[in-house]
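Top line first, the protein sequences correspond to chains A and B. In terms of the numbering used here, the first sequence is residues 1 to 106. In terms of the numbering used here, the second sequence is residues 1 to 140.
Incorrect hints may appear among the rest.
What the hints assert, rightly or not - Here are the in silico distance ranges between beta carbons for each label pair: (1) Tyr34(B) / Asp73(A): 18 to 28 angstroms; (2) Trp62(B) / Leu22(A): 20 to 30 angstroms; (3) Trp63(B) / Leu22(A): 12 to 22 angstroms; (4) Pro137(B) / Ala83(A): 35 to 45 angstroms; (5) Arg31(B) / Ala35(A): 38 to 48 angstroms; (6) Lys78(A) / Tyr130(B): 38 to 48 angstroms.
Derived from the structure by calculation, the hints contain no laboratory data. Here a beta-carbon is modelled for each residue, glycine too, at the ideal position from N, C-alpha and C.
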Amino acid sequence: MRESTVMFLHYITAILIAITGLIHLLANNDPGIGAVIKANSALYFGNMAIFLAALLYHAFNGVRVILIEMVPDKCWTKWISWAVLIVGIVTYAVGLQVLMVALGFA
Amino acid sequence: MEAESEFKEYYAKNMRGISGWFKARAYTIERWLYAAHRITGILIVLFVLAHFYSTGWHPGLWWDALLGIIVTFHTANGIRLILAELGFAVGKPLLVKKPSQRPVSIEGVQRYLVVFALVLFFVLAAIWAYYALVVQPMMG
Ligand code: HEM
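Just chain A, same shape as in the assembly:
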């Protein structure tokens, strides 16, 4: 993927994090609104699935950007990018599993 596309997605995921993260915070910290969100487990799970995906992309790409800036070498850039991608996907799979078990979906 072109670097400009990767960064564009970095900003899109940032906006997604702001929205889904707010829902996540309200669900767990506001007694009133939290009860409404948690009563709808499909909404809670859907929000978490999007939040987790966006957050992992943004966090791991953020770390990648910092690393490839500190080690400016074509070969290293390639390996760092692959490593970050694989670790990110595995983390998402494990995270979804944990969520589904916690919500009683699996």
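Following the hints, put chain B with the ligand in place on chain A, whose structure we already have.
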């Protein structure tokens, strides 16, 4: 070949590594905000990893309020960065002729965006602190 030497020059300029983030001479406020953005980004990643590892982990009370400061800064400044990086409110490019002359890209609307981001940061951090220090202890 031309391109390659330019590439090498670019790499050479980056040799300061992390200490370069704090090479503060002639920094504009935007450059300081960017350094803070990077540091808060790294800190949030560290929190998130702990939050995943022991699912739902939180540092608690005052530390949660501090976490709020870190996250709300990154969010408020991030919104400003997204606007700037997508080209909104950047202004027309202008040839900078003197070292003392500021590029238009950080004048005008950009300055209002900085103020907007900082105000948003304070408001969000206050709301977060209220939840961390007042609402959470009541929820038990
Ligand atoms: C609330 C929403 C958020 C917004 C609006 C936001 C915005 C941004 C933006 C615009 C950048 C790009 C800076 C650049 O390279 O030009 C960025 C970088 C970054 N963000 Fe976020 N972010 C958010 C949440 C998060 C979260 C939750 C994390 C951690 C899990 C995070 C970690 C990072 C990291 C590590 C970087 C890289 C810093 C760098 O390139 O210097 N961000 N963020």
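Taking the hints in turn, this is what the structure says about them:
1. Tyr34(B) / Asp73(A): 18 to 28 angstroms: holds (24 angstroms)
2. Trp62(B) / Leu22(A): 20 to 30 angstroms: Holds, at about 22 angstroms.
3. Trp63(B) / Leu22(A): 12 to 22 angstroms: holds (21 angstroms)
4. Pro137(B) / Ala83(A): 35 to 45 angstroms: Between Pro137(B) and Ala83(A), where Cβ atoms are some 41 angstroms apart, the hint holds.
5. Arg31(B) / Ala35(A): 38 to 48 angstroms: holds (44 angstroms)
6. Lys78(A) / Tyr130(B): 38 to 48 angstroms: holds (46 angstroms)
Of the numbered hints listed earlier, not one is contradicted by the structure.
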